[in-house]
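A.B. asks: Spelled out, the chains give:
There are 2 protein chains.
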Amino acid sequence: MQDVRGFLERLFSAAVAAAQPERVLADFLPEPPTGRTLVLGAGKAASAMARVVDATWPQDMSGLVVTRYGQGMDCGRIEVVEAAHPVPDLAGQQAARRMLDLCRDLNADDLVLALISGGGSALLSLPGGDIELAEKQELNRQLLECGASITEINTLRKHISAIKGGRLAAACHPAKVVSLLISDVPGDDPQVIASGPTLPDPSTAAQARAIIDRYQLTVADSIRQFLLSEQAETPGPADPRFEGDELQLVAAPQISLQAAAAQARSEAVPALILSDCIEGEAREIGKAFAAIARQAKFHNQPIAPPCVILSGGETTVSIKGNGKGGPNTEFNLAMALALAGESGITALACDTDGIDGSEDNAGCIIDETSLARARERGLDPAGYLENNDAWTFFDAIGDLVVTGPTHTNVNDLRAIYVAAPNDPE
Amino acid sequence: MQDVRGFLERLFSAAVAAAQPERVLADFLPEPPTGRTLVLGAGKAASAMARVVDATWPQDMSGLVVTRYGQGMDCGRIEVVEAAHPVPDLAGQQAARRMLDLCRDLNADDLVLALISGGGSALLSLPGGDIELAEKQELNRQLLECGASITEINTLRKHISAIKGGRLAAACHPAKVVSLLISDVPGDDPQVIASGPTLPDPSTAAQARAIIDRYQLTVADSIRQFLLSEQAETPGPADPRFEGDELQLVAAPQISLQAAAAQARSEAVPALILSDCIEGEAREIGKAFAAIARQAKFHNQPIAPPCVILSGGETTVSIKGNGKGGPNTEFNLAMALALAGESGITALACDTDGIDGSEDNAGCIIDETSLARARERGLDPAGYLENNDAWTFFDAIGDLVVTGPTHTNVNDLRAIYVAAPNDPE
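Which chain is which? The protein sequence lines are A and B, in order.
So in my numbering, the last spot in the first sequence is 501, and the numbers never skip.
So in my numbering, the last spot in the second sequence is 501, and the numbers never skip.
Treat the hints as calculated values from the structure; they're not laboratory data.
Small disclaimer: the values here were computed from a predicted structure and weren't measured.
Mixed in with the good hints there might be a few duds.
Note: identical chains are not told apart, hence a pair may lie in one copy or across any two.
As the list claims (entries may be wrong) - Here are the simulated DMTMM-like cross-link-like pairs (lysine to aspartate or glutamate), alpha carbons at most 25 Å apart as the crow flies: (1) K396 with E107; (2) K400 with D103; (3) K400 with E306; (4) K396 with E155; (5) K396 with E435; (6) K396 with E221; (7) K400 with E309; (8) K396 with E355.
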C-alpha cells in the first residue's frame, strides 16, 4: 500500500461518519405527541443532535441542550449552552438546574426528547444536597486520574447528583421521555451513557461508597454525608415514573467499527474487529496490541497480512508525570516502544470525538519510523511515556492526528495495519 | 460443552506436551564429534533435556546441568545440580563456576551440547568482578518486582555476569557449540533465552545502565563500577569465537499454541491464536482479554462461538500488596472482575512450567460463577487483586490448577472458551 496513513485516516473518518447525527439521527425520531415537545440533551454530540431535531421536527417545540465549550452550533428553536468538560463548571450546573425547571409542569400528553451522548455526565452536573461544585470538581479530577473505569466513575457521579441516574426522567413525569442515545460505554448500557439522566439506575449508594474506598479517594464531608442519606439513592428499574418511556441507540462503537471495517474491505484490505470495549491502562494495552500485530506479521494469526486489526472502547491513563496527552497518544507511544521499529506495522489511535484527553488532537499515528525519527531529534521515547507526555512527543515528530471536534463520540478507534511481507511502503 | 474445565485442561496438557524434551528433543541432536562431547545446560527444562541426551547419545560423554530445586532427575552420565529460582543462590553460582572450568581445555574437535531453557538466567548465575551474590540477588529481586520486561531483565543480567551473554560459549572456544533451545521469550530470540550464555549478545553495557535508571533501581557500588568497566561488555555477533556454532529451537510458545489449537479442533472447537508473545501488566491485560471475550460472545468477532481464544507470552506483576500469586492468577482474577459474571465465558491461565510465580500452582481457571462463589464465602475479589493475593483467592474457591513442575517452559498459556448462545454448561 502506498499511503498507509491516508488509508487509516479514511477508516477513522468512516467510523466518525457512522456516528454523526446528521447522517443517522432522523431515522430514529418518534411520532410527535398530542401535547408539547420539549428537547433536552447533554453530551459532546448534543448540539449536532439538536440541529437534526430542529431541522426535521414537524411541530412546535422548545428545548435546551448542553455541550462542550467550543462545540455549540446554532440549533434554531433549541437553545444551546456550552459548559466545561471533563471537569464540570458553573455553566453546566446552571444548565442542569434550568432543565429540571423546564420539565417541572409537563403533562401526560407531552413528549420529552432526550438527546444523550458521551460527556453528558460532566456537562450536566448538579451536585446533590449541600455538595459544593468545587468539591465535586475535585472528586471528578481524582476519578479521572485514579484509573477507575468509566462505569465506576459514573456510578459515583450518579449518586452524588441531583440530575443523573434517572433523576431527570423522574422529574419529567408524567410526560413520556424518548431517549436517543449515542453510546460511548462498554456494552452500550443505556443507563451508563452520560450517567443515564433519563434511564433507571440499578446501582446503589453502597456501591458508590465502595468506589471511594477502592481508589482511596479524598472526598469532602458533604459528599460522604450525602452518600449516606436517602437522597443518594437513584430511581431504580421498578420506579413507575419510567413506564411508557422509550430509548433508541442511534450510534455506538460497534456500529462505527463495522463502518471502518467496511471501508477497509472496500479498499481490498481484510479487517478483523477484536473488541468494541477495550478497557485498561493505555500503556499496558499498547504492549498487548503490539504482540497481536507481531503475531499477524510473523504467524498470519489472528488474521493474515495485509490486514487491519480494529478495536474500540476506551483505555485509561493513571497520571504520574506532568506531561500532556490522552489515552490514544499514550497507547500508541507504548505500542511503538514495544514494537521497537518492527517493519510493516502502522497504527492509528484516535478518539472519535476528535479530542484525545484534553489537548487539541484526536490522536496520532505510529509506524516503523516513529522511534527512529524521534531519536534523530534527540527525544527519548520512553522518557516521554514515563512523564505522560505523549502529546508533546507526537507533536514534535509531526504525527498527531488533528480533526477538531467531530460533534459526536463513540470512544476510541484503534486501527493497526500490518503489511504483507512484500508490501512496499 | 459438558466439561469446559476438562477441555481447557486438555488444551494446556497439549501445549505442555509439545514442549516436553522427551517428546521432541531427540530429533534435534547433531552428529557426534570426532573428539569429546560435553553437555552443559541450565533452565527449568535442563534435567528433562539432559535425560534425553543421556538416553540417546551414542558416544562417551560427560556433562553438568543446573535446574530448579525439586526438579532434578537422574540423568545418568550427566550430573544434575539444583539451584534457586527466581532469585539466584550459591548453588547456581558454584555450578556456573564449575561449567566454566569444564570447558577450559576443550579442543577444536570437541562438541559442546548446550541445553538452554527458561529460568537458566537465574540458575546459571555468576556475578562479574567484585559483585557479591547478595548484591546481585537484591538487584534481581528489584528487577522482578519493578515491572521490567523479561528482555530488559536479561539485558541487565548479562552485563553484570561472568557467564551470560555468550561468555560461556566464548569459554568453550575452540570447541563447536550446538545450542538446543526451549524458548520462553517474545519472538524466540535465542540470545535472550536464559540470557543467552552461548549466543552472541548485541546489547551493550550502556543499555544495561539505562535500565537501572529507567526503573530507578537501587544497586550496589560494585555493580555500578562493573557496568562501567571493559569486562561489562559481552561478546557480540562479530566475535570470531562463535564461528561454526549452531543453534536449534526445540520448543517455543508458538509451537505449543499450535498444539493447543489442534487439540481444540480435534474436539470440534474452533481456535484462534491471538499472539505468542503477550506482555504487559497482568491485571490490565486481563481487562483487554475480557473485552475480546465479550466481543466473541456478543458480536461473533474476532471469532464466533463456540470457540477458544489462545495466547502465549508472559505478563508481569508490579507488586504493591503483600499477598501470594503469579501473573496467571492475577490475569484471571482481573479478567473475572472485568467480566463481572458474564455467562458462557471460561478461562484458563497457566504457566507451562507448572509454577505460576513462586507458589505451587500452574495457574487457575475462572468461569461465570467464580466471583459469586467467592462472595458467598465472604471474599472481596477486588480486594484480593489489590493486595496481589490472587493465589489465596483461587485457593479459597478451589480453582487453582496444580500440575507440579512440568520440566519444561514455554511461558504462559491463556485459553478462553466462549460458549455458543445455546451451549449448556
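A.B. asks: Hints first: check each against the structure and report whether it holds.
C.D. replies: Each hint, compared with the structure:
{"no.": "1", "hint": "K396 with E107", "result": "neither (51 Å within a copy, 56 Å between copies)"}
{"no.": "2", "hint": "K400 with D103", "result": "neither (40 Å within a copy, 55 Å between copies)"}
{"no.": "3", "hint": "K400 with E306", "result": "neither (40 Å within a copy, 40 Å between copies)"}
{"no.": "4", "hint": "K396 with E155", "result": "neither (40 Å within a copy, 50 Å between copies)"}
{"no.": "5", "hint": "K396 with E435", "result": "within (17 Å within a copy, 32 Å between copies)"}
{"no.": "6", "hint": "K396 with E221", "result": "both (9 Å within a copy, 18 Å between copies)"}
{"no.": "7", "hint": "K400 with E309", "result": "neither (37 Å within a copy, 37 Å between copies)"}
{"no.": "8", "hint": "K396 with E355", "result": "both (19 Å within a copy, 21 Å between copies)"}
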